[in-house]
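Novice: Taking the hints into account, I'd like the entire structure generated from these sequences.
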Amino acid sequence: MDKVVSSAADAVADIPRGASLSVGGFGLCGIPSALIQALHESGVDDLSVVSNNCGVDDWGLGILLCDKRISRIQASYVGENKEFERQYLSGELEVELTPQGTLAEKMRAGGSGIAAFYTQTGVGTQVAKGGLPLRYGSDGSVVKASPKKDTREFEVDGQTRTFVLEEAIRADFGLVRAWKGDRHGNLVFHRSARNFNPLAAMAGTVTIAEVEHLYEPGELDPDEIHLPGIFVQRVVALTPDQVHDKRIEKRTVQRKQHTTGAGAGSEGVESTESKES
1 MDKVVSSAAD AVADIPRGAS LSVGGFGLCG IPSALIQALH ESGVDDLSVV SNNCGVDDWG
61 LGILLCDKRI SRIQASYVGE NKEFERQYLS GELEVELTPQ GTLAEKMRAG GSGIAAFYTQ
121 TGVGTQVAKG GLPLRYGSDG SVVKASPKKD TREFEVDGQT RTFVLEEAIR ADFGLVRAWK
181 GDRHGNLVFH RSARNFNPLA AMAGTVTIAE VEHLYEPGEL DPDEIHLPGI FVQRVVALTP
241 DQVHDKRIEK RTVQRKQHTT GAGAGSEGVE STESKES
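For the sequence shown, full-length UniProt numbering begins at 1 and goes up steadily by one.
Calculated from the structure, these hints are not laboratory results.
We treat Cβ as the ideally placed atom computed from N, Cα and C, and that holds for glycine.
You can take every hint at face value.
Quick list of the computed label-pair ranges, beta carbon to beta carbon:
no. : residue 1 : residue 2 : range
1   : Asp150    : Arg247    : 39 to 49 Å
2   : Asp150    : Thr205    : 24 to 34 Å
3   : Val142    : Gln257    : 47 to 57 Å
4   : Lys148    : Ser71     : 16 to 26 Å
Here are the computed lysine-lysine pairs in the BS3-like style, where the Cα-Cα straight-line distance is at most 25 Å:
no. : residue 1 : residue 2
5   : Lys246    : Lys68
6   : Lys246    : Lys82
7   : Lys129    : Lys149
8   : Lys68     : Lys82
9   : Lys250    : Lys82
10  : Lys144    : Lys82
11  : Lys3      : Lys180
12  : Lys180    : Lys246
13  : Lys129    : Lys144
Specialist: Structure below.
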C-alpha cells in the first residue's frame, strides 16, 4: 500500500481540535518540524501532547505552545522554553511530568497492546503517592494534582521490592521524523535522531512520518529498518529546504590551539555542536 501523502498540510488536515498527539524528538533533535509547522498553520487547538519536551520558544512544539494551541502536555523535560514555564505556573497549561524511561515505556507499551506495567521508578515519591501539580490556579494554588497510583510488591533477586503501576499511552495521532522511509512506511532513523521517534510512532493510532529521503518498496535493506510500516499510516517526503531546516539547540565556540611553528598561539575558530544528526 502506497502511504505517501502529497504534503505535510494534507497529512495533518484531519487532525481535529482536542486531539491527542504523540510527538517524536529529543530537544530539537529528530523533531517532525514540517508536520508541526503544518499543524500550526491549520489553526487547530486544544491539543493534548505527549513528547519528551516541548521544543523551544520559537521552534518545534514551541510554536504551538506560544499560540496556546496546546492545553495539556505529558513530558519528562521542560527546560529551554520560558513560555512553557510561564504558562504552567500561571495556570494556562496542564503538565504531567513523567520520568523519561517511564515515558518511553508507556509509549512502547501502548503500541504493543500492553495496558499497563510495573516499574520501580518513582516508588516513594509523588510520582507514586500522588500530589504532583498538574495545573496551577492564577493565584499559584494547585487546582489539579496527580492521583495516587497502585503499587505492588514483587520478589526480585531474592528481595521483596515495591513497584508502581504505570498505564500505557495511546494517542489519536503520532508525528515523527525519519532519515529514510519507503512508500510502505518502513522507517530508518539517523543516529541520535532516532530517540523517541519509534516509540511515538508506535503510540499513535494514526501515525504520520516525515522522511528526508523517500525510497521505493524493496530499496531499503530489511536489516536496517528500525520501525516497520505497520506502525505508520502516512508518509510525507520532505523538500530539500525542509530537510536542511534544522535548528541547533546549543551553539558552542572553542579556540583552536597552535603549538608549533611561527604562528604558535590561539586562533579563533567557531565550532557548532548539535544534538541533531
